[in-house]
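Sequence order for the protein chains is E and S.
Per this note's numbering, the very first residue in the first sequence carries number 682; after that it's consecutive.
Per this note's numbering, the very first residue in the second sequence carries number 682; after that it's consecutive.
Please note that a few of the clues may not be correct.
Which copy is meant is left open, because identical chains are indistinguishable; a pair holds if it fits in one copy or across any two.
What the hints assert, rightly or not - DSS-like, lysine-lysine: derived pairs with alpha carbons at most 27 Å apart:
id, residue 1, residue 2
1, Lys784, Lys886
2, Lys790, Lys804
3, Lys1032, Lys979
4, Lys787, Lys891
5, Lys908, Lys787
6, Lys1000, Lys725
7, Lys725, Lys995
8, Lys908, Lys784
9, Lys787, Lys886
10, Lys885, Lys895
11, Lys725, Lys784
12, Lys891, Lys790
13, Lys684, Lys725
14, Lys986, Lys1000
15, Lys885, Lys836
16, Lys1000, Lys908
17, Lys836, Lys784
18, Lys811, Lys790
19, Lys784, Lys891
20, Lys986, Lys725
21, Lys908, Lys725
22, Lys790, Lys908
23, Lys784, Lys895
24, Lys886, Lys739
Read the hints as simulated data drawn from the structure, not as lab findings.
Next come the chains, spelled out residue by residue.
Number of protein chains: 2
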Amino acid sequence: MTKVHNFSAGPAVLPREVIDECIEALGNFANTNLSLIEVSHRSKEFVAVMDDARSVVKELMNLGDDYEVLYLQGGASTQFLMVAMNLLENKAAYTDTGTWASKAIKEAKALGNVDVIGSSEDKNYNYIPKDYNITTDYDYFHCTSNNTIYGTQMKSFPNSPIPLVCDMSSDIFSRPLDFSKFDLIYAGAQKNMGPAGATLVVVKKDILGKVSRKIPTMLNYNTHISKESMFNTPPVFSVFASLANLNWIKRQGGLEAMEARNTEKAGILYSEIDSNELFEGTTAIEDRSIMNATFVLKDESLNDKFLAACAEAKINGLKGHRSVGGFRASMYNALEADDVRALVNVMQTFK
Amino acid sequence: MTKVHNFSAGPAVLPREVIDECIEALGNFANTNLSLIEVSHRSKEFVAVMDDARSVVKELMNLGDDYEVLYLQGGASTQFLMVAMNLLENKAAYTDTGTWASKAIKEAKALGNVDVIGSSEDKNYNYIPKDYNITTDYDYFHCTSNNTIYGTQMKSFPNSPIPLVCDMSSDIFSRPLDFSKFDLIYAGAQKNMGPAGATLVVVKKDILGKVSRKIPTMLNYNTHISKESMFNTPPVFSVFASLANLNWIKRQGGLEAMEARNTEKAGILYSEIDSNELFEGTTAIEDRSIMNATFVLKDESLNDKFLAACAEAKINGLKGHRSVGGFRASMYNALEADDVRALVNVMQTFK
Chain E
682 MTKVHNFSAG PAVLPREVID ECIEALGNFA NTNLSLIEVS HRSKEFVAVM
732 DDARSVVKEL MNLGDDYEVL YLQGGASTQF LMVAMNLLEN KAAYTDTGTW
782 ASKAIKEAKA LGNVDVIGSS EDKNYNYIPK DYNITTDYDY FHCTSNNTIY
832 GTQMKSFPNS PIPLVCDMSS DIFSRPLDFS KFDLIYAGAQ KNMGPAGATL
882 VVVKKDILGK VSRKIPTMLN YNTHISKESM FNTPPVFSVF ASLANLNWIK
932 RQGGLEAMEA RNTEKAGILY SEIDSNELFE GTTAIEDRSI MNATFVLKDE
982 SLNDKFLAAC AEAKINGLKG HRSVGGFRAS MYNALEADDV RALVNVMQTF
1032 K
Chain S
682 MTKVHNFSAG PAVLPREVID ECIEALGNFA NTNLSLIEVS HRSKEFVAVM
732 DDARSVVKEL MNLGDDYEVL YLQGGASTQF LMVAMNLLEN KAAYTDTGTW
782 ASKAIKEAKA LGNVDVIGSS EDKNYNYIPK DYNITTDYDY FHCTSNNTIY
832 GTQMKSFPNS PIPLVCDMSS DIFSRPLDFS KFDLIYAGAQ KNMGPAGATL
882 VVVKKDILGK VSRKIPTMLN YNTHISKESM FNTPPVFSVF ASLANLNWIK
932 RQGGLEAMEA RNTEKAGILY SEIDSNELFE GTTAIEDRSI MNATFVLKDE
982 SLNDKFLAAC AEAKINGLKG HRSVGGFRAS MYNALEADDV RALVNVMQTF
1032 K
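Start from the sequences and build out the full structure, keeping to the hints where you can.
Here it is in structure tokens:
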């Protein structure tokens, strides 16, 4: 099979051995002589998968029993709603760092009062706002750790006197953090964790149960906590594949190893962007994401020619999001440094 | 690989060629040289899958352009909420035919007025209520076509003067119906359609947009209609596998062929239940489901022994739901008549 360099923004590249593990389980899952997608989610074999998938998250994040790990459905887009449903009583504070953060704000505003206490909208979201104060009159503070479309990433997180909620969809498991600073973390699996179809929620139990509204059953985190993510049929395949991928991360050396890989790859690409006179980066240097590098050709008329050269070199998924244009190289955990070198090679040849 | 006779209630048996198609796509999807779970959902290859998955549903159901087909997440449990969110303004009429219908009623009641106009709760849900009138003062009428736990199935549907909404999770695509009688049909994929993780919604567009409440973005059918099920990242793998399975149904001869298969299998099993003096069926004969047959041993002390004999014969998933006990044989489309004969053989030997 021809090797494709997969820079897709998500769904995205996964380790070959994770894919092989999925293929094997589709053929015969855990010696049941049944396919992974034919077994009952109540079978002891799948319950073990779900248990492992929940516990490995805590292990990688170094979190204790005060946190619950949930595998839900509906993507981060559904979490925009669930966060506000479960936590918003009087008012909430959000930062607006682009498309996805804006959508989270919109859903919360439909349910209550929201103040946007930091925003980079003034510069088309090309930096991370930092000069804001989180005060105790808010129910919670919400931020987005990494902005795929704009290529920005939070390098540090505020010490929040109120529950800290973070959408980590596009950089979860890419680096070690003090995860105990956070009270609720959520992420669609399909960028750095596994296939589309599963949504991870990590929540500190003591922040729940404090709003007065009646929360619909499926939107209530406590529903899913009480049934260990098995209130209804979970997305079996996506949970299995996520577990396989999280185990792969563990085998590589955990989040420290991921950060080393990701920093190396980002370094190779940003150094070419900065040294190659045809290109320029689009984000504030200090806020550059190690997951998604966004850049443009100074002469936009060369765009199609450059994309053609990339296609020729089997480089996939480089076109920028339709809302900003230019190019975006997504370099999730499973991407190899050699994939980035292949891109750099095209950029150099293009010059 | 040892052949297992898979009577699981869902997730459930799928055709071997569907599983093989999934395995192939996980290795190399549509000649992209990428795995199905690594490609962008915006790639032309996956957009084609989604388009086909939507159109084959209309083809199998013989529905026209006044209907929309959606692939969502969250299972039927989320539909219990979405149906009421999108349709309930003044009051709604429901029938209560067991656990899942009751849950649908509970979610709707949290949003508005609900009348249960037919119920079989008086006899532990062992029949389908039929003597009710659907009046025009309701916003819609909701029923559950097949009740997995109790083994009952609606053999005909009322002519409803108001929108007819049906949870078909456990018998969708098992038989031809006049689907144009229905205004909204929903089904979790994991019983008769595909793997867990996708939820099918078929909706007649003109019933939407009539409630005054503000519907959260992800719970609004119109959000997903306007983006052709791609408002956010869809459950890629589950949609692909569902399409493969729907194409398999088409190749077998469509819903007429499925009904013939399913009627034959159910006939073999019910005739053994009725003739074998050790066993008895638990549901009203006229309402017996061709998908899930529920039965008990007259002498319950033999239960474990019977299950052991089934296990010995590689018969899987026969234990009844924990809320009713006894046995349940789920005979979804992909189950073969020979699987049922294997079960009947154990029942005869047991005698």
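Now the hints, each set against the structure:
Taking identical chains as interchangeable, the C-alpha atoms of lysine 784 and lysine 886 lie at most 27 Å apart whether they share a chain (25 Å) or sit on different chains (25 Å). When the C-alpha separation of lysine 790 and lysine 804 is checked against a cutoff of 27 Å, the pair qualifies only within one copy, where the shortest distance is 23 Å, while the shortest distance between copies is 47 Å. When the C-alpha separation of lysine 1032 and lysine 979 is checked against a cutoff of 27 Å, the pair qualifies only within one copy, where the shortest distance is 12 Å, while the shortest distance between copies is 83 Å. In this assembly of identical chains, the alpha carbons of lysine 787 and lysine 891 lie at most 27 Å apart whether taken from the same copy (22 Å) or from different copies (22 Å).
Taking the shortest alpha-carbon separations for lysine 908 and lysine 787, only the inter-copy value of 18 Å comes in at or below 27 Å, while the best intra-copy value is 30 Å. Taking the closest pair of Cα atoms, lysine 1000 and lysine 725 come within 27 Å of each other only across two copies (14 Å); inside a single copy the shortest separation is 44 Å, beyond that limit. Proximity of lysine 725 to lysine 995 under the C-alpha cut-off of 27 Å is restricted to the inter-copy arrangement: shortest distance 16 Å between copies versus 42 Å within a copy. For the identical chains of this complex, lysine 908 and lysine 784 are inter-copy neighbours only, at 16 Å across copies versus 29 Å inside a copy, given an alpha-carbon limit of 27 Å.
When the C-alpha separation of lysine 787 and lysine 886 is checked against a cutoff of 27 Å, the pair qualifies both within a copy, at 25 Å, and between copies, at 25 Å. Proximity of lysine 885 and lysine 895 under a CA criterion of 27 Å is satisfied intra-copy only: 20 Å inside one chain copy versus 30 Å between copies. In the homo-oligomer, the alpha carbons of lysine 725 and lysine 784 lie at most 27 Å apart only across protomers (26 Å), although the nearest pairing inside one protomer, at 39 Å, exceeds that limit. Taking identical chains as interchangeable, the C-alpha atoms of lysine 891 and lysine 790 lie at most 27 Å apart whether they share a chain (18 Å) or sit on different chains (22 Å).
Taking CA atoms no more than 27 Å apart as the test, lysine 684 paired with lysine 725 passes between copies only; the shortest distance there is 19 Å, against 38 Å inside one copy. In the homo-oligomer, the alpha carbons of lysine 986 and lysine 1000 lie at most 27 Å apart inside one protomer (12 Å), although the nearest pairing across protomers, at 62 Å, exceeds that limit. With identical chains, the CA atoms of lysine 885 and lysine 836 are at most 27 Å apart within one copy only, with a shortest distance of 22 Å there and 48 Å across copies. With identical chains, the CA atoms of lysine 1000 and lysine 908 are at most 27 Å apart between copies only, with a shortest distance of 21 Å across copies and 42 Å within one.
For the identical chains of this complex, lysine 836 and lysine 784 are intra-copy neighbours only, at 22 Å inside a copy versus 44 Å across copies, given an alpha-carbon limit of 27 Å. For a Cα distance limit of 27 Å, the shortest separation of lysine 811 from lysine 790 inside one copy, 22 Å, qualifies, whereas the shortest one across copies, 45 Å, does not. For a Cα distance limit of 27 Å, the shortest separation of lysine 784 from lysine 891 qualifies both inside one copy, at 24 Å, and across copies, at 24 Å. When the C-alpha separation of lysine 986 and lysine 725 is checked against a cutoff of 27 Å, the pair qualifies only between copies, where the shortest distance is 20 Å, while the shortest distance within a copy is 54 Å.
Taking the shortest alpha-carbon separations for lysine 908 and lysine 725, only the intra-copy value of 15 Å comes in at or below 27 Å, while the best inter-copy value is 38 Å. In this assembly of identical chains, lysine 790 and lysine 908 lie within 27 Å of each other by CA distance solely across copies; the values are 23 Å between and 30 Å within a copy. Taking the shortest Cα distances, lysine 784 and lysine 895 sit within 27 Å of each other both inside one copy (23 Å) and across copies (16 Å). Within a single copy, lysine 886 and lysine 739 get their C-alpha atoms as close as 14 Å, which meets the 27 Å cut-off; across copies the closest is 44 Å, which misses it.
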